[in-house]
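Those protein sequence lines, which keep their order, are chains A and B. For the first sequence, the numbering used here assigns the number 250 to the initial residue and increments by one for each residue that follows. For the second sequence, the numbering used here assigns the number 250 to the initial residue and increments by one for each residue that follows.
Treat the hints as calculated values from the structure; they're not laboratory data. Hints are not guaranteed to be accurate.
[As the list claims (entries may be wrong)] Derived coverage of chain A by chain B (criterion: at least 3 residues anywhere in the stretch with Cβ under 8 angstroms from a Cβ of chain B; other residues may be distant):
(1) 334 to 340
(2) 389 to 399
(3) 403 to 410
(4) 455 to 468
[Said to hold, decoys possible] Here are the computed lysine to any residue pairs in the SDA-like style, where the Cα-Cα straight-line distance is at most 25 angstroms:
(5) A/Lys578 - B/Lys252
(6) B/Lys513 - B/Arg552
(7) A/Lys401 - A/Ala455
(8) A/Lys578 - B/Gly300
(9) B/Lys252 - B/Asn293
(10) A/Lys513 - A/Asp595
(11) B/Lys401 - A/Lys578
(12) B/Lys401 - A/Ala315
(13) A/Lys401 - B/Arg297
(14) B/Lys452 - B/Trp348
(15) A/Lys578 - B/Lys452
(16) B/Lys401 - A/Lys513
We put the beta carbon where it would ideally sit given N, CA and C, even for glycine.
Number of protein chains: 2
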Amino acid sequence: MIKLRVELGDRSYPILVGEGLLARAGPILRNLGFRTPPTVVTNNHILRLHGQALLPSLKESFGPSAIIRIGDGERFKNQVSLTRIYDGLLRSRADRGSWILAFGGGVVGDTAGFAAATYMRGIQFVSVPTTLLAQVDSSVGGKVGINLPGGKNLIGAFHQPRAVLSDTATLRSLPARELAAGLYEVVKCGAIRSRALLRYLEKNLAAILSCEVPALAHVIAEAVRIKAAVVESDEREGNARMILNFGHTVGHALEAATEYRRFKHGEAVAWGMIAAARLGFELGMLCHNEAERLIQLIHRIERLPSLHGVPAAGAWHALRQDKKSRDGKLRFVLLRGIGHPEIVDDLDHNLVRRFIFDFLGTGDGLR
Amino acid sequence: MIKLRVELGDRSYPILVGEGLLARAGPILRNLGFRTPPTVVTNNHILRLHGQALLPSLKESFGPSAIIRIGDGERFKNQVSLTRIYDGLLRSRADRGSWILAFGGGVVGDTAGFAAATYMRGIQFVSVPTTLLAQVDSSVGGKVGINLPGGKNLIGAFHQPRAVLSDTATLRSLPARELAAGLYEVVKCGAIRSRALLRYLEKNLAAILSCEVPALAHVIAEAVRIKAAVVESDEREGNARMILNFGHTVGHALEAATEYRRFKHGEAVAWGMIAAARLGFELGMLCHNEAERLIQLIHRIERLPSLHGVPAAGAWHALRQDKKSRDGKLRFVLLRGIGHPEIVDDLDHNLVRRFIFDFLGTGDGLR
């Protein structure tokens with residue numbers, strides 16, 4: 250088991266990564282000071298796959314937990330699921346001393362975390378992420394929230410978990426596309442902070458993709474360590490934290506332009522990183538070699554859904570509406586070499602527009 | 250104009266109290282650094298009464314503001330109004346640099362403040378409270394939130410405003426009952442922290458009730474100063490902030506037992522303070538004289554809705570569900586003399602039960 254710690258003063262918390270943690274969750278959480286049973290927020294799919302690993306351990310340590318099930322999938326990260334969680338908390342007479350255990354992927358974690366952030370102005374929650382993407386990304390950093398019909402993650406808060414338990418065993422049941430979607434975020438962490446991690450990925454990709462524990466646990470822990478360090482320096486998203494958005498500007502635009510149907514979030518970010526690498530190369534910030542290496546690594550992970558037919562006008566429109574933009578400025582995270590991200594918000598609108606149209610026409614070729 | 254400041258590090262903000270502030274809001278807010286027009290959240294009643302005072306000033310300083318209207322009354326402090334605010338923000342393309350101006354009483358302030366706390370994980374807001382209760386209580390301290398069908402203020406956050414502008418002129422249009430409801434919170438501030446304020450209220454009650462500016466502005470500023478000092482010492486409700494709940498344990502129980510129909514919140518708190526005075530007297534914490542003086546002052550303000558027929562069993566049930574309770578302990582704020590509140594959470598359940606049944610039978614008599 251690898252034990253990391255996110256240092257945020259009185260909101261500090263441990264992140265545990267290892268094989269078989271679900272079955273030890275009860276004693277681990279008792280050790281962290283919990284004494285009453287949590288309200289478990291999850292979905293039926295996760296319960297079926299992993300409930301038998303987690304629930305008996307919780308029961309033995311705390312007695313029976315109330316379970317709230319929400320729908321499975323991004324479209325359930327909404328106000329309906331949120332209300333369902335609130336209702337469940339009320340029904341089980343949760344008070345300010347109660348706590349939530351979010352058991353599932355990013356949708357469960359974000360929605361349950363936001364419920365915890367806002368129920369009685371904030372109760373504690375523990376995250377038990379069951380997808381690679383949630384383990385390396387959404388469970389670290391305290392961003393919680395839901396989507397509105399008008400856009401993703403528009404409603405949210407910063408609310409740190411009391412602990413994160415990432416069991417590598419849960420990843421073995423992930424479809425290949427889901428595993429890849431998480432790995433792209435690991436690539437992102439390497440791209441912005443660690444050549445060593447990128448090199449490790451290049452060398453050990455086969456072992457990671459077949460979920461061999463030491464390799465998988467290593468890259469999860471490295472990605473978490475990198476993200477945690479960024480979050481520690483900037484909990485509430487000033488500029489430092491912004492570098493975590495590498496690949497996200499174009500990524501979000503691709504998701505929006507295809508109405509969130511064609512790409513998984515990680516896949517859109519993968520294309521977004523390819524676009525950022527290419528844009529960085531065209532602007533003379535990133536050399537051909539480094540851009541090429543990053544792009545090749547991304548393509549080796551899994552075949553990405555094609556960009557063919559993504560409406561460029563729609564992507565451009567979405568880009569201009571991006572949540573990261575302020576006062577109408579377009580904001581990109583670009584690399585001045587691997588490991589050296591820069592926030593660039595003075596790009597000419599016409600240049601970016603031309604780049605987007607070009608990128609969606611030609612894909613990832615570097616000229 | 251009286252200028253106070255709530256000191257909370259980088260979340261510090263000024264509270265301005267004075268006559269005619271609405272008409273000067275634009276320049277005041279420009280001085281505080283705002284440059285773009287706010288999204289104004291309000292209701293039709295307030296717009297009709299005070300829109301002509303505020304809006305031209307905002308327009309002159311910032312250009313036209315988007316206006317979002319929600320329903321008027323406690324039952325509109327809910328998810329429907331919240332969604333309406335989110336939709337309005339999206340429609341006016343509000344981004345992270347946008348800000349909300351909450352223009353109205355506590356319902357507007359709490360709901361708009363919660364929307365600001367959660368839209369894009371938090372945007373700035375300014376509070377322009379138009380009721381005495383909002384000016385002395387809900388606009389200070391950063392508690393924002395909405396009700397659920399299952400209970401009041403169950404969903405919320407801590408989100409400090411960037412400024413509060415309290416115009417005493419708006420109070421002249423308040424019904425007497427509304428003015429009284431706010432004054433009870435002023436009495437509360439005196440009871441927990443300032444004999445001088447209680448004495449001032451006793452001496453100047455007539456001037457205050459007829460909204461004479463110096464007297465009214467003085468008690469608003471004193472109440473704000475007291476509440477701000479408590480909040481500064483304890484922003485997120487540890488024990489120090491708990492003393493602001495003087496009168497609220499029984500107050501909330503009375504509201505719940507009458508389904509929030511008989512008492513305004515301030516009136517319920519007034520009865521709650523009477524109950525707390527009586528309980529403090531019975532437990533030997535408060536002398537007869539001080540209890541009597543507090544009770545008499547409360548009764549001089551306005552005739553309180555009768556306790557007659559309030560179901561004691563319902564009040565007792567609600568008391569045990571109180572949000573302030575933890576692990577099933579009943580928690581009261583009682584006075585060990587005026588200005589010296591204590592948190593008491595080891596009272597015998599039977600004693601409290603008997604007290605509640607007795608209180609609802611006999612009202613405010615000290616035995």
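Status of the hints after comparison with the structure:
1. Under the rule that three or more residues need a Cβ within less than 8 angstroms of chain B, the assignment of the stretch 334 to 340 of chain A holds, with 3 such residues.
2. Here the stretch 389 to 399 of chain A counts 4 residues with a CB under 8 angstroms from a CB of chain B, which clears the bar of 3, and the coverage holds.
3. Counting residues of the stretch 403 to 410 of chain A whose CB lies closer than 8 angstroms to any CB of chain B gives 5, so the stated coverage by that chain holds, three being the minimum.
4. Coverage of a stretch by a chain is defined here by at least three residues with a beta carbon nearer than 8 angstroms to that chain's beta carbons; for the stretch 455 to 468 of chain A and chain B the count is 0, and the condition is violated.
5. Restraint check: the Cα-Cα separation between A/Lys578 and B/Lys252 comes to about 36 angstroms, which exceeds 25 angstroms; the hinted pair is violated.
6. Proposed proximity of B/Lys513 and B/Arg552 is supported: the alpha carbons are some 12 angstroms apart, at most 25 angstroms.
7. Taking the CA atoms of A/Lys401 and A/Ala455, the gap is near 33 angstroms; set against the 25 angstroms cutoff, the hint is violated.
8. Between A/Lys578 and B/Gly300 the CA atoms are separated by roughly 33 angstroms; this puts the pair beyond 25 angstroms, and the hint is violated.
9. Proposed proximity of B/Lys252 and B/Asn293 is contradicted: the alpha carbons are some 29 angstroms apart, above 25 angstroms.
10. Only pairs whose Cα atoms come within 25 angstroms are accepted, and A/Lys513 paired with A/Asp595 is rejected, the gap being roughly 29 angstroms.
11. Distance check on the hinted pair: B/Lys401 and A/Lys578 sit about 41 angstroms apart at the alpha-carbon level, beyond 25 angstroms; violated.
12. Taking the CA atoms of B/Lys401 and A/Ala315, the gap is about 23 angstroms. The hint holds against a cut of 25 angstroms.
13. The suggested pairing of A/Lys401 with B/Arg297 is violated, with an alpha-carbon distance near 36 angstroms, which exceeds 25 angstroms.
14. Using a Cα cut-off of 25 angstroms, the hinted pair B/Lys452 and B/Trp348 is violated, with the two alpha carbons roughly 41 angstroms apart.
15. Using a Cα cut-off of 25 angstroms, the hinted pair A/Lys578 and B/Lys452 is violated, with the two alpha carbons roughly 58 angstroms apart.
16. Distance hint between B/Lys401 and A/Lys513 is unfulfilled; the C-alpha atoms sit about 39 angstroms from each other, more than 25 angstroms.
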